[in-house]
Every structure is written in structure tokens, then in C-alpha cells.
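> Whenever a hint applies, use it, and build me the whole structure from the sequences.
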Amino acid sequence: MSGGVRLDIRGLSKRYGEREVLRNTQLAIEPGQFIAIVGRSGCGKSTLLRLVAGLEAASEGGLFTDGKAVEGLHDDTRIMFQEARLLPWRRVLDNVALGLPEADRTRGKEVLAQVGLAERGGEWPARLSGGQRQRVALARALVHQPRLLLLDEPLGALDALTRIEMHRLIESLWLRHRFTALLVTHDVQEAVALADRVILIEDGRIALDENISLARPRSQGDPAFAAIEKRILDRVLQKPADTESEPANDTRWTDGPAHALRWAV
Amino acid sequence: MNQQVQALPLTTPSLGAARGFALGVGRRLVPWLVPVGLIVVWQIASSLGWLSTRVLPAPIDVVKAAWRLTASGELWTHVKVSAARALTGLAIGGGLGLALGLLTGSVKVAETLLDSTLQMVRNIPALALIPLVILWFGIDESAKLFLIAVSVFFPIYLNTFHGIRNVDPQLIEMGRTYGLTRWQLYKEVILPGAMSSILVGLRFSLGLMWVILIVAETISAQSGIGYLTMNAREFLQTDIVLVGILLYALLGKLADLLARGLERWWLRWHPAYGAAK
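Chains as they are written, first to last, in numbering that gives the first Met the number 0: chain A, 0 to 264; chain B, 0 to 276.
Quick caveat, the hints were computed from the structure, so don't treat them as lab data. Keep in mind the model is a prediction, meaning the values are calculated, not measured. We treat Cβ as the ideally placed atom computed from N, Cα and C, and that holds for glycine. Treat the hints loosely; a few may be bogus.
Below, a sample of chain B positions facing chain A; criterion: calculated Cβ distance under 7 Å [what the hints assert, rightly or not]:
no., residue
1, VAL166
2, LEU170
3, LEU179
4, TRP182
5, PRO191
6, ALA271
As C-alpha cells, this is what we get:
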């Protein structure tokens with residue numbers, strides 16, 4: 000394990016036909032940093048993540064990891080999607096070990112234990128709750144020992160308690176493995192809870208780049224936490240919403256599975 | 000007083016259980032009343048001579064004929080021939096359907112080149128080909144295999160194609176970002192994702208397979224269940240004809256059970272197919 004990558008984004012633009020989603024974006028990320036990208040829906044934050052993942056090609060400019068240009072999919076990079084995207088026809092452990100050589104299956108078991116699901120390895124994904132599925136997806140990403148982990152709103156569909164539990168889990172695994180992390184979210188609280196640095200994207204541009212120097216583990220009851228959260232949220236809300244966008248702190252804490260609570264408390 | 004109060008809860012559940020058991024047995028027996036009744040009426044009608052054996056033999060005679068044919072080994076020989084025909088046709092037509100479905104489902108060029116042609120040919124009912132098939136192959140074995148193969152080809156082809164096209168693109172994207180090779184992606188994501196659809200095609204094909212086999216064997220055959228029944232018809236042995244019809248039904252049921260077994264095994268991860276354990 001060789002720690003996180005340094006990520007450089009230089010003059011990056013992305014257009015879909017006439018529509019320009021990202022404009023001349025510049026960003027330098029230190030190895031092992033935890034970055035959160037916030038913004039309203041449709042602001043271009045997910046596109047940025049897909050460009051970094053190599054799932055899409057830039058229209059202009061470039062991406063560099065440790066000085067090397069990113070072209071296409073990258074073995075050092077793993078992405079965790081908004082949906083768990085587990086293969087329903089593979090048992091939990093086989094999902095974690097997907098793409099690993101047979102000899103590395105023991106590592107799959109270890110990582111599954113790290114996300115607290117050691118004894119569920121033999122089950123079908125259909126039998127897990129939403130939060131457990133995301134934990135399996137996290138284990139699947141980590142088993143490859145990525146040096147850059149991309150998180151595309153992976154907690155968006157989970158209930159409040161499971162989210163807080165997942166924040167702690169992600170933070171502890173990040174502290175342990177020291178990969179560079181890039182989290183896209185529209186939950187400012189989540190961003191402040193996890194990131195070293197919060198970046199706001201507005202209309203395809205970086206509108207705010209703020210270091211969060213709160214000590215870890217962070218508590219949401221802490222006044223300093225609340226002050227930073229409020230400041231960023233106010234900045235996000237400053238610009239009037241365009242037609243179909245939702246408030247940036249839309250928490251979507253609605254209908255999470257009740258059985259996920261068991262693990263959460 | 001005290002004893003009575005204690006005794007009551009002890010006795011009622013066992014009484015209830017006995018009643019429940021009787022009800023359960025009753026519920027299982029009721030659906031059999033009508034078929035068993037019909038057979039009894041049929042037997043009585045035959046015994047009293049109301050029903051000519053030329054129209055329908057007595058049920059007991061059908062059982063006797065089945066026994067006679069089984070004892071002589073004749074039944075087994077014909078069943079073997081028919082089953083081999085059906086399965087060979089299925090293997091040829093189904094195998095081709097699967098291969099082409101996988102090809103057109105996964106390779107864009109193959110789809111553009113082949114799919115619309117196949118969709119056009121699909122509209123021709125296999126049985127409409129009989130005159131041509133007789134001209135091409137005569138009336139021997141290859142004609143029957145050809146008819147079966149043609150008819151089972153399309154359900155399997157269409158459902159394989161459809162299944163591959165409907166594999167969740169998010170899963171494919173996930174597989175690519177997790178460094179799966181093309182072959183791994185096929186084996187781990189695409190094929191299992193298409194499996195439920197392919198099995199639907201297989202079940203359709205099995206149904207068609209028996210229908211076409213019956214027609215083909217009835218037209219002409221020197222062996223097989225169709226030969227058995229057509230031969231018996233010439234000698235007015237309606238009991239043997241009935242044995243043949245029941246054999247076809249039995250084989251059809253067997254094939255369906257087999258297909259369902261495959262579904263249970265291959266789709267065991269799916270909550271809708273029960274176990275999921």
C-alpha cells in the first residue's frame with residue numbers, strides 16, 4: 000500500500016453538445032487528502048467525478064495522478080456509486096472479491112470484516128439492507144487497495160442513523176488506509192463531517208474552496224462545526240435556485256430500511 | 000373447578016389440531032374429486048357398453064395396454080426414439096438460437112447485419128414449412144429434426160437477445176471500473192444477468208418442441224410414440240392410441256419440471272425463486 004495519489008486537474012472543461020458542464024476547472028489535491036465536492040444538482044460535480052474516474056473523456060484540459068495523465072479507467076482508482084451495484088447473483092463475499100485473483104480471496108474476508116459484515120459473506124445481496132449493501136460496496140472498493148477512492152453520493156439513499164454510522168466507518172477506513180478520497184455530495188453536513196477541504200461547484204466553476212481544520216472525530220453538536228456548516232450552506236444558497244434544482248442540503252433522510260437501525264445504534 | 004380450568008386449554012389445542020389436519024386433507028382431496036369422478040363415469044359407461052371402444056376404450060383397458068407395452072419393452076423403445084428426436088432438435092435449434100442471440104446481443108455489427116432478417120423469418124410458422132421440408136428432406140429423420148430445430152430456435156434466440164440487451168448498464172459500468180476483462184465481464188455480469196430471460200425462452204421452446212414432434216411423427220415415422228399411435232389407429236387399437244397421447248403429456252410435463260429445476264438452480268439468488276439462502 001503506497002498511500003494516496005496526488006491529483007492535479009488543469010484547465011478541465013466538459014461539454015455535452017452545446018451545454019458546458021465544467022468550465023476551465025483547476026484543482027490540486029494533496030496525497031491522502033479527503034475532499035468533498037458540494038453543489039446543487041446539475042452543477043457538474045458528478046461529471047467531475049466521472050472524469051476523474053476515467054469513465055468520460057474531457058473536452059479540454061487534463062487530469063493527472065502523480066503527474067501522469069489519466070486516460071481511461073485506472074487501476075489505482077476505485078469508485079463507489081450512489082447505488083451499491085452489487086451483482087445479485089453473486090454471494091456477498093464473491094461480490095467483494097470481484098475481479099480479484101483466487102489467491103486474494105482471504106483479503107476479501109478481511110475487508111468484509113473491516114466493514115462489520117464478516118459473518119454475512121455467504122448470503123445473497125438481496126437479503127441485506129440498503130446500508131449493509133453500501134458497506135459491501137465499500138469493502139469491494141477497498142479490497143483493491145485503491146490510492147484514490149471516488150465516492151459518488153454513496154449515502155444519498157440511506158436513513159439518517161445509517162448515514163452517521165457510515166460516516167464514521169468511511170472516516171476510520173480512510174485514516175487506516177490513507178488513500179486520497181473525493182466525495183461528491185449535496186449534503187453540506189456530510190461534507191463538513193468528513194472532509195479536509197470542501198469545494199463548492201457552481202455552474203461548472205469552483206466557487207468556494209475551504210479547508211476544514213476541525214479535529215477528528217468531528218461531532219455535529221460542536222459549535223465550530225455548526226458555524227462552518229452554516230457558512231458553507233449560506234454560500235450555497237446565495238445563488239437563487241434555477242428551475243429544477245433542490246436545496247443543497249437536501250438530506251433525503253426519508254424512507255431508509257428500519258432494520259438498518261440495528262447496526263446503527 | 001380448578002382442574003377443569005386447567006384441562007380445557009390442554010384438550011382444545013389437540014382437538015383443534017386434529018380438526019385442522021382433517022380440514023387440510025379434505026382441502027387436498029377436493030380438487031381430485033372431479034377427475035376421479037369422470038374416470039369412474041367413463042369406466043362405467045364403457046362397461047355397460049354405452050361407449051364404443053372405437054370411440055374410447057375403457058380406462059382399465061388403457062392401463063392394461065400400457066402395462067403390456069411396458070412389459071414387452073416396446074413402450075420404452077418408442078419413448079427413447081421420440082425423446083432422442085426432441086432433444087436432438089432442441090440441442091441443434093436451441094444451441095444455434097443461444098449462440099446467435101449472444102452474438103447479436105453483444106456485437107453491434109452482428110445485430111445490424113442479422114437481427115432484422117431473423118425477425119422477418121420469425122413470422123413464418125414452422126409448420127407452414129412442412130411441404131418444403133418434405134421436398135427437401137423427404138420424410139425421414141432429418142425432416143423431423145429440421146422442423147423441431149426451426150421452431151425452438153426463435154424463442155431462445157429472441158429471449159437471449161432481449162436478455163443481453165436488458166442487463167443493467169450500471170452493473171456493466173461497475174464491472175468495467177473494477178477492472179474486469181471482457182471475458183470476466185461476460186461471465187460475471189452479462190450472462191448471469193441475461194439468464195432469467197434465456198430460461199423463459201427455453202421453457203417456451205420446450206412447449207413448442209413437443210407440439211412439433213407430435214405433428215412430425217404423426218405425418219410419418221417408422222418408430223417413436225407417433226408411429227406407435229398411428230400404427231394402432233390402423234388396427235383400431237384405441238387403447239394404445241390413448242397410451243401414446245398420455246405419454247406425450249407425461250414427457251411434456253417432465254420437460255417443464257426440468258426447466259423449472261434449472262430456473263430454481265440458476266436463479267436461486269433471486270428472491271422470487273424462493274430459497275435465496
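> If a hint holds in the structure, say so; if it does not, say that too.
To see whether the hints hold, each was checked on the structure:
The beta carbon of B/VAL166 is not positioned within 7 Å of any beta carbon in chain A (closest approach about 11 Å), and the interface hint is therefore violated. Because the beta carbon of B/LEU170 sits about 6 Å from the nearest beta carbon in chain A, less than 7 Å, this interface hint is met. Look at B/LEU179: its Cβ gets to within about 5 Å of chain A, closer than 7 Å, so that hint holds up. Hint status for B/TRP182: violated, given a least beta-carbon distance of 12 Å to chain A, over 7 Å.
A hinted interface residue such as B/PRO191 counts as satisfied when its beta carbon comes closer than 7 Å to some beta carbon of chain A; here the least separation is about 4 Å, so the hint holds. Contact between B/ALA271 and chain A, as hinted, is not supported at the beta carbon level, the nearest pair being about 10 Å apart and thus beyond 7 Å.
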